[in-house]
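2 protein chains.
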Amino acid sequence: MLQEEIRRRNLGNLLRHVHLDGSVSRAALAERMGLNRSTIMALTLELTAAGLVREEAPTDTGRTGRPSLVVRPETAGVYVLAFDVAVDWLTAARVGLGGVILDRRLAARPRAGADLDRVVEVLAGFGRELHGTAPPEAVCVGVGASYCGMIRPGDGMVRFGPDMGWVDQAFGAELGHRLGLARPVPVGNEAHLGAVAEQQRGAGLGFQNMIYLHGDVGVGGGIIVGGKLLDGDGGYACELGHMVVNPHHGRPCGCGSRGCLEAEVGERALLDAAGRPADLFGRDALRDVVTDAGRGDPAAREALHRIGDWLGVGVANLINLFNPGIVIFGGMLRDVYPGAADQVRTRIADNVLPVARERVRLRTSALGDDATLVGAAELGFSELLADPLGGVVPALPPGR
Amino acid sequence: MLQEEIRRRNLGNLLRHVHLDGSVSRAALAERMGLNRSTIMALTLELTAAGLVREEAPTDTGRTGRPSLVVRPETAGVYVLAFDVAVDWLTAARVGLGGVILDRRLAARPRAGADLDRVVEVLAGFGRELHGTAPPEAVCVGVGASYCGMIRPGDGMVRFGPDMGWVDQAFGAELGHRLGLARPVPVGNEAHLGAVAEQQRGAGLGFQNMIYLHGDVGVGGGIIVGGKLLDGDGGYACELGHMVVNPHHGRPCGCGSRGCLEAEVGERALLDAAGRPADLFGRDALRDVVTDAGRGDPAAREALHRIGDWLGVGVANLINLFNPGIVIFGGMLRDVYPGAADQVRTRIADNVLPVARERVRLRTSALGDDATLVGAAELGFSELLADPLGGVVPALPPGR
Chain A
1 MLQEEIRRRN LGNLLRHVHL DGSVSRAALA ERMGLNRSTI MALTLELTAA
51 GLVREEAPTD TGRTGRPSLV VRPETAGVYV LAFDVAVDWL TAARVGLGGV
101 ILDRRLAARP RAGADLDRVV EVLAGFGREL HGTAPPEAVC VGVGASYCGM
151 IRPGDGMVRF GPDMGWVDQA FGAELGHRLG LARPVPVGNE AHLGAVAEQQ
201 RGAGLGFQNM IYLHGDVGVG GGIIVGGKLL DGDGGYACEL GHMVVNPHHG
251 RPCGCGSRGC LEAEVGERAL LDAAGRPADL FGRDALRDVV TDAGRGDPAA
301 REALHRIGDW LGVGVANLIN LFNPGIVIFG GMLRDVYPGA ADQVRTRIAD
351 NVLPVARERV RLRTSALGDD ATLVGAAELG FSELLADPLG GVVPALPPGR
Chain B
1 MLQEEIRRRN LGNLLRHVHL DGSVSRAALA ERMGLNRSTI MALTLELTAA
51 GLVREEAPTD TGRTGRPSLV VRPETAGVYV LAFDVAVDWL TAARVGLGGV
101 ILDRRLAARP RAGADLDRVV EVLAGFGREL HGTAPPEAVC VGVGASYCGM
151 IRPGDGMVRF GPDMGWVDQA FGAELGHRLG LARPVPVGNE AHLGAVAEQQ
201 RGAGLGFQNM IYLHGDVGVG GGIIVGGKLL DGDGGYACEL GHMVVNPHHG
251 RPCGCGSRGC LEAEVGERAL LDAAGRPADL FGRDALRDVV TDAGRGDPAA
301 REALHRIGDW LGVGVANLIN LFNPGIVIFG GMLRDVYPGA ADQVRTRIAD
351 NVLPVARERV RLRTSALGDD ATLVGAAELG FSELLADPLG GVVPALPPGR
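Line by line, the protein sequences give chains A and B.
For what it's worth, full-length UniProt numbering labels the leading residue of the first sequence as 1, then goes sequentially.
For what it's worth, full-length UniProt numbering labels the leading residue of the second sequence as 1, then goes sequentially.
If you are wondering where the hints come from, they were derived from the structure by calculation, not from laboratory data.
Among the clues, some could well be false.
Since copy identity is lost for identical chains, a pair holds within one copy or between any two.
Unchecked claim - Result set (SDA-like, lysine to any residue): computed pairs, CA atoms no more than 20 Å apart in a straight line:
1. K228 <-> F207
2. K228 <-> R37
3. K228 <-> L205
4. K228 <-> L181
5. K228 <-> L35
6. K228 <-> G51
7. K228 <-> A386
8. K228 <-> Q208
9. K228 <-> D21
10. K228 <-> V167
11. K228 <-> A285
12. K228 <-> P354
13. K228 <-> S382
Nothing here was measured: the structure is a model prediction, and the numbers come from that model.
Full structure from sequences and hints, please.
If you want it as structure tokens, here you go:
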């Protein structure tokens, strides 16, 4: 029994290494897992027989001697369905083992809000379509979703989705029901999932303490502390967008408060600062400001500097609090940050205690807008990775 | 070997339970540790023979049946030396197993600063005195120190001690040297240690996610995330006093920035707000304001409200970021908080997302000014608790 438990854990760990790295030699697996090569070979054979990995001769390593076989995930044959409810779009994707997006469907979403039924209907339709067009031998091993709001862990209940006006909407349960699953789809906050994805596969690789700021209309956050996502007592931590940085003179925020970080650096703040019309909105409008600033337009540059100053106040506070190794700017902040970096750096130099900023790096997201989707996929893969041979029960029946 | 390792871990866990709880029945130990009662008895016998615990018949439990023996720490016989360098005082104490302060020495410290030599001389003198007057059969098992600044983990180097003007001063090494020890005294930041003490023995007992604000001249912080102190990449996290809450109109801060939480709610801010003379300072002056406010003095009350508003901005930000179960006000904030609580609560209601504040509690410190000293003692006990029978080598030779 103990033996069986150890074997299961080893299989899971090996599969996780292959899933996260994409391609690992047997020798590297033996070293990282502290197991001998014959054990690695036996574990790999089991995973191969289950259709989860395959072994290949490595491409020329330039070294003499017999090369170690390379283990790769069966990306095309083992996948999850990942869903992303963002402010401006609904996305569904088929994401293969190894975290590769194989196929996707995208729908624009009106800002005016949408009811649960309509959102779930669109996503479930996409999901069935993606599942139905997958190769016949491919297996769906899980489902996961990202949502731009506060999510109750466990059942995917949206406690608060400000831009849609959702309060206590059973999103995970409804999506699961509509997909014909026996239980709720696991759901995570978009910035939490983006942070995990960036740490596992993106700019945060190798960092144990990391701040991820996710710009959408507002600003969400995912904070990694000691290698783990900061969740707090109820799973509602990391709301850095509602850190008040300008309490007495701040712009009103969608949350009902005033001077929140997202009110000062969000989409509306930037467009207003750049003097754009009040009825303009969306990612394209925002990118236009960034492009104009790049061309030297003074109002656009000034707008980015103003946003950068507030962003710097917020980031400096976070560095004082978390002493992170890296701060990552994702979502729309990936576009905004380069033109605002000088102001951010100045604020950090002025406001952060020298000892706490000695080694911090500032980077833009490596995964871009896919970070949330890749993070959602990770929710779908979690059962398979916990028990690779017990878990390969199709999450959805074959689509045809 | 594995057996020996398990035994050592069980001994350490049992001693830790007794150390933290003060008095635990064998039955409760068996239940909490998941071991049978004969194993608990054997472990307890070993710890008793080593002079670390003793067993007693419980006081009348009011229940029928044979009562379970109660295990207590040998508080008088097993102690550490704990040191505390605060802004206004230097303290040393003999702290017995179980976290009980047995004896202490205290010296006022001038605000003007003090050099390393002088501070270490006073503390080492106190330490020798406390050690020398301990009962002849008592054993000193460790040493630990608290310091009001940023400390490098491992060697007790003070990286930044703003009120003394210390930068990179080898406090831990010098104190160890002066006490005749072979290695540096482990040192922690005062608010970090206070947080750990409050979580283990104070208002934070049972909370896994906790914010501790420690008011001295400024405001330090200790943040517990998932049961562990938030340390960050270098051990310099939790600097919530330097979270900027008033970036453009703020008071200058000792760190060189402006509008930091500690600049808006620290001792000077409160005394200024209450219209006290600029040359007045210290805990007594501050308590006078609190007392006057209690008597209905309008200027003093208004000062507390003003500080409470800024304190609320800071605490609201922390709740949005950490979704903690409890926020604890310690150090001088223990005195200030009751007269400022309404403003703090109003800010939390206005600035924190409802979902994140559903269950948070606000409390004052249970250990008061002893929190840092008790936390420093914990550093001294850590080796004994890790290996109770291997670790009982006197940290200091007998004093006589």
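Evaluated hints:
1. K228 <-> F207: both (11 Å within a copy, 18 Å between copies)
2. K228 <-> R37: neither (30 Å within a copy, 36 Å between copies)
3. K228 <-> L205: within (13 Å within a copy, 23 Å between copies)
4. K228 <-> L181: Answer is neither: 29 Å inside a copy and 37 Å across each miss the 20 Å cutoff.
5. K228 <-> L35: neither (25 Å within a copy, 30 Å between copies)
6. K228 <-> G51: neither (30 Å within a copy, 40 Å between copies)
7. K228 <-> A386: within (17 Å within a copy, 25 Å between copies)
8. K228 <-> Q208: For K228 and Q208, the Cα distance is within 20 Å both inside one copy (8 Å) and across copies (15 Å).
9. K228 <-> D21: For K228 and D21, the Cα distance is within 20 Å only inside one copy (19 Å; across copies 30 Å).
10. K228 <-> V167: neither (27 Å within a copy, 32 Å between copies)
11. K228 <-> A285: Neither, since 35 Å and 44 Å both go past 20 Å.
12. K228 <-> P354: neither (26 Å within a copy, 24 Å between copies)
13. K228 <-> S382: Cα proximity of K228 and S382: one copy only (15 Å, versus 25 Å across).
In summary, the structure is inconsistent with hints 2, 4, 5, 6, 10, 11, 12 from the numbered list given earlier, while agreeing with the others.
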